[in-house]
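**Student:** Generate the whole structure from the sequences, applying the supplied hints.
Using UniProt numbering, the first residue of the sequence shown is number 1, and each one after it goes up by one.
Keep in mind the hints are simulated off the structure, nothing from the lab. For each residue, glycine too, the CB sits at the ideal point set by N, CA and C. Warning: the hint list may mix true and false statements.
Stated by the list, open to error - Once the Cα atoms are required to be at most 27 Å apart in a straight line, the calculated DSS-like pairs of lysine-lysine come out as:
id : residue 1 : residue 2
1  : LYS22     : LYS81
2  : LYS36     : LYS49
3  : LYS36     : LYS88
4  : LYS49     : LYS81
Unchecked claim - Pairwise CB distance ranges, derived in the manner of DEER restraints:
id : residue 1 : residue 2 : range
5  : ALA18     : SER45     : 35 to 45 Å
6  : LYS88     : GLY14     : 31 to 41 Å
7  : ASP16     : SER86     : 36 to 46 Å
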Amino acid sequence: MEQPNRDYINELSGGDAAFEDKLILVIKTEWPDEVKEYEMNMKNSAFAKAALNVHKIKHKLGIVGLVEGYELAVQYELDLKAGNTSQKESFQIVLDRVTHFINQL
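**Tutor:** Below, the structure is given as structure tokens:
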């Protein structure tokens with residue numbers, strides 16, 4: 001399975017370390033709250049709200065280089081809107097990997 005990385009962050013920044021630092025700070029600040037809100041909505045079976053959380057999260061998956069993770073999130077968002085949670089475990093694995101990666105930044 002693919003691993004989070006800084007490749008896209010480096011590409012976006014064009015070598016501007018200050019920009020990289022700002023982008024990483026935004027990710028590190030927003031990520032825990034977005035994941036917590038997603039998990040709470042899933043716990044409460046608020047799947048439409050969880051789909052909105054996944055929508056926000058998926059963009060960060062792209063930023064940390066997870067093309068397959070992004071694609072999973074796109075489909076999972078649609079599934080959640082239909083009340084289908086069959087990809088919950090796969091999505092959780094992606095969340096856990098990104099959380100670990102972000103904590104290492």
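**Student:** Would you mind marking each hint as holding or not holding in the structure?
**Tutor:** Verification of the supplied hints:
1. LYS22 x LYS81: The hint is violated at about 33 Å.
2. LYS36 x LYS49: Distance of about 12 Å is within 27 Å: holds.
3. LYS36 x LYS88: holds, 14 Å
4. LYS49 x LYS81: holds, 9 Å
5. ALA18 x SER45: 35 to 45 Å: holds, 43 Å
6. LYS88 x GLY14: 31 to 41 Å: holds, 37 Å
7. ASP16 x SER86: 36 to 46 Å: holds, 41 Å
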